[in-house]
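Novice: Taken in sequence, the protein lines are chains G and A.
The first sequence maps to residues 1 to 235 in our numbering.
The second sequence maps to residues 1 to 242 in our numbering.
Bear in mind the hints are in silico, worked out from the structure with no lab data behind them.
What you are looking at is a predicted structure, and each value in this text was computed from that prediction instead of being measured.
Beta carbons are placed, not taken as given, at the ideal position from N, Cα and C, and that holds for glycine.
Some clues are possibly wrong.
Stated by the list, open to error - Label-pair ranges, simulated between beta-carbon atoms:
{"#": "1", "chain 1": "G", "residue 1": "G125", "chain 2": "A", "residue 2": "A202", "range": "33 to 43 Å"}
{"#": "2", "chain 1": "A", "residue 1": "R10", "chain 2": "G", "residue 2": "D186", "range": "19 to 29 Å"}
{"#": "3", "chain 1": "A", "residue 1": "P71", "chain 2": "G", "residue 2": "D191", "range": "44 to 54 Å"}
{"#": "4", "chain 1": "A", "residue 1": "A202", "chain 2": "G", "residue 2": "I119", "range": "40 to 50 Å"}
{"#": "5", "chain 1": "A", "residue 1": "P168", "chain 2": "G", "residue 2": "E66", "range": "15 to 25 Å"}
{"#": "6", "chain 1": "A", "residue 1": "C27", "chain 2": "G", "residue 2": "R57", "range": "29 to 39 Å"}
{"#": "7", "chain 1": "A", "residue 1": "P71", "chain 2": "G", "residue 2": "E61", "range": "24 to 34 Å"}
{"#": "8", "chain 1": "G", "residue 1": "L55", "chain 2": "A", "residue 2": "S124", "range": "28 to 38 Å"}
{"#": "9", "chain 1": "G", "residue 1": "K184", "chain 2": "A", "residue 2": "C27", "range": "20 to 30 Å"}
{"#": "10", "chain 1": "G", "residue 1": "Q107", "chain 2": "A", "residue 2": "P104", "range": "58 to 68 Å"}
{"#": "11", "chain 1": "A", "residue 1": "E174", "chain 2": "G", "residue 2": "G125", "range": "45 to 55 Å"}
The primary structure of each chain is shown beneath.
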Amino acid sequence: MTEGSAVAEAAEHPASPGWLRGRIDAFRTAPIAHGLLLGLFSLLTALVLAVVNDLTRGAIEDRATEDLYASLAQVIPDDIRDNEVTAGPLTLDDPQEGPVTVYRALQGGKVTGTAYEMIGYGYGGRIEVLLGVDPDGQLLGVRVLSHAETPGLGDKVEAAKSDWIFRFTGLSLGNPGPDAWKVKRDGGSFDQFSGATITPRAVVGAVRRGLEFFGRNQPALLAAPADTTASPEAK
Amino acid sequence: MSADYSKIARSGLWDDNIIFGQMLALCPLLAVTGTATNGLGMGLATAAVLVMSGVAISLVRNAITPEIRIPAFVLVIACIVTVVDMALNAWLHDLHKVLGLFIPLIVTNCAILGRAEAFASRNSAPAAAFDGLMMGLGFTASLVFVGACREILGSGTLFANASVLLGPRLGFLEITVIPDYDGFLLLILPPGGFIILGFLLALKSIVDSRQRASGHTADSRLPKVFTAAGVLSPEPEGETAR
Chain G
1 MTEGSAVAEA
11 AEHPASPGWL
21 RGRIDAFRTA
31 PIAHGLLLGL
41 FSLLTALVLA
51 VVNDLTRGAI
61 EDRATEDLYA
71 SLAQVIPDDI
81 RDNEVTAGPL
91 TLDDPQEGPV
101 TVYRALQGGK
111 VTGTAYEMIG
121 YGYGGRIEVL
131 LGVDPDGQLL
141 GVRVLSHAET
151 PGLGDKVEAA
161 KSDWIFRFTG
171 LSLGNPGPDA
181 WKVKRDGGSF
191 DQFSGATITP
201 RAVVGAVRRG
211 LEFFGRNQPA
221 LLAAPADTTA
231 SPEAK
Chain A
1 MSADYSKIAR
11 SGLWDDNIIF
21 GQMLALCPLL
31 AVTGTATNGL
41 GMGLATAAVL
51 VMSGVAISLV
61 RNAITPEIRI
71 PAFVLVIACI
81 VTVVDMALNA
91 WLHDLHKVLG
101 LFIPLIVTNC
111 AILGRAEAFA
121 SRNSAPAAAF
131 DGLMMGLGFT
141 ASLVFVGACR
151 EILGSGTLFA
161 NASVLLGPRL
171 GFLEITVIPD
181 YDGFLLLILP
191 PGGFIILGFL
201 LALKSIVDSR
211 QRASGHTADS
221 RLPKVFTAAG
231 VLSPEPEGET
241 AR
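Excised from the complex, chain A in its bound form:
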């Protein structure tokens, strides 16, 4: 089947956004979104791995039998993450100093296995790469947004330490939003991540229902099915109940 790229983009960026649509990858979300900068670093590293694992899994999809696909995907993803870690460390060492902390965390991101299972294993390599990119960008945007909310409310700054990640030229991004702020520790700690996530989910739900009411999207929202592998099945022909 030919891939519908605008649908893939919409799915990755909004409808099935890893955080706000699929509710996956909450572990990295809670761990790194204390600041917007860390969210950005984690998001970009994950996006790169999503693209690569999408292509790799799409290329081997016909060689894998259904019974062993999950362990085979895990092997491929773990291999890619380790290779990226080693290559960055060797040849882009300054970037590795900053992103290096995030890369091992990517293995814990079930969204990557989820995309491998739900999309890459059923589509051509270019479509899988595009899906990985869109999912990754949607994920990055979510992490930066949650990170920004937590950082502003929790420590009164925005993009703290951005110059370490992006170079001194982008140091102007570092803003003190609330001067002489004592900080709100709860929001920096993982519970704060859950609280902010809850409010943002409610917000997205309102936007979605407004859109539906105004007839923007005429799709009858099918109930999504979540499994341990993080697979969801918006299409009626989905085979989640295996």
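For reference, chain G alone in the conformation it holds in the complex:
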């Protein structure tokens, strides 16, 4: 009704300055206008997000790579290698885990340690766990690369916030036994956190799967790389 009267009024004074204004005001009350306006807002915000995503994507990838390298240095001790761990990663196609990128530490052309990522699913989604494993299948170290667990409860899997993650160092599938690779609540030997069981359960599960992956692919993992990219000057 308002629309009709406004249009009629506008038709009476087609040249008056209020004519366009009247049309716009009338249009703004129509349901289609709400839809269009909301659609415009959605388009604008989508545009902003797309632009920012494009601007930041490269930098975010660089930061993730830097984090990976820094964590690699923590799970592969310096004194067991004479190569650059990040050079010449190996990609293994595992029947259960899919393609896994493996970084290798070499000394005198022999593999002295391997490092690779496993994914666990915690309370807040993906948890990326980096494992360092020596040639006998013993853990050199474990670090959580990224996660979205609840601050104050689940984030104790970070090395910066708790020493829980250091517990894994030196363990293997035989130590503790296969049945003990669970959190205590599930009858295993790993502590959960007060208020957070799902996060440590996911991390313990991911580490266990990582060790099983090592067991399945041990020969391929330990085979000396064909092209010896090991550079002696590397620190």
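We have chain G; now place chain A onto it with these hints.
Specialist: Only chain A this time, still in chain G's reference frame:
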């Protein structure tokens, strides 16, 4: 109308404090105030988003028709939170490692939509920015205070892991208040948040009624109306009953 900045400050910091006045944002309150440090991180991240969303919504307030304002505000706020998350991750990566966990939680904070609806959509951009800042600071103070109470009583420490958030130079903030304390798990878990919040609310109520009795504030306290969007209407001309 011209904004009364001292009134905005008082409203954000005390009278309509997001936690203790409006009783909003209880979800992040329960989730992150296990320690004072986490409360501080969440509070600062929220304050930044409150300022930005206040300005953005104030700028587009005349373009939005009343019927679609809530979805439009949600779009703007979600967009800002995502942009902040991506920008921090790309260019302030060390800060993102610490605050990154809190940023997605901000979207669940109904107080931001509440301020957009109750203040930013009716005021100029500078006033909205100031309101966001004051609300954010009041929120931060509340989170740190609740966090400190829960941390001291629950784990016997204060500002644990502060050096991760604030840098090693402020590591001296990390205090063990009660040595060899076994911890009181209930207070670390969400129910502890409710219990502490209840005691603190009672305390604020006592302070407020003392002040009223001594005639400090002569305002006749109007009954506040809460809606799903977290809008409250301390002013008589408020249009909460729509």
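Novice: A range of 29 to 39 Å was offered for this pair. Does it hold for the Cβ distance of A/C27 and G/R57?
Specialist: 31 Å, holds
Novice: Can you let me know if the beta-carbon spacing of A/P71 and G/D191 is within 44 to 54 Å?
Specialist: Roughly 45 Å apart at Cβ, these two residues keep to the hinted range, so it holds.
Novice: Taking 40 to 50 Å as the stated bounds, is the beta-carbon spacing between A/A202 and G/I119 within them?
Specialist: 46 Å, holds
Novice: Could you see if the CB distance from A/P168 to G/E66 stays within 15 to 25 Å?
Specialist: 20 Å, holds
Novice: When you take the CB atoms of G/L55 and A/S124, is the distance between them in 28 to 38 Å?
Specialist: Once the Cβ atoms are compared, 30 Å apart, the range 28 to 38 Å for A/S124 and G/L55 holds.
Novice: Verify the CB-CB distance for A/R10 and G/D186 against the hinted window 19 to 29 Å.
Specialist: This hint is violated: roughly 52 Å between Cβ atoms.
Novice: Regarding G/Q107 and A/P104, is the given constraint of 58 to 68 Å on their beta-carbon distance met?
Specialist: 43 Å, violated
Novice: Given a hinted range of 20 to 30 Å, is it respected by the beta-carbon distance of G/K184 and A/C27?
Specialist: 29 Å, holds
Novice: Could you check the hint for me, namely that A/E174 and G/G125 are 45 to 55 Å apart, CB to CB?
Specialist: About 30 Å separates the Cβ atoms of A/E174 and G/G125, which means 45 to 55 Å is violated.
Novice: Measuring from beta carbon to beta carbon, are A/P71 and G/E61 in 24 to 34 Å?
Specialist: 33 Å, holds
Novice: Could one say that the CB atoms of G/G125 and A/A202 fall in the range 33 to 43 Å?
Specialist: 38 Å, holds
The structure is inconsistent with the numbered hints 2, 10, 11, although it conforms to all the rest.
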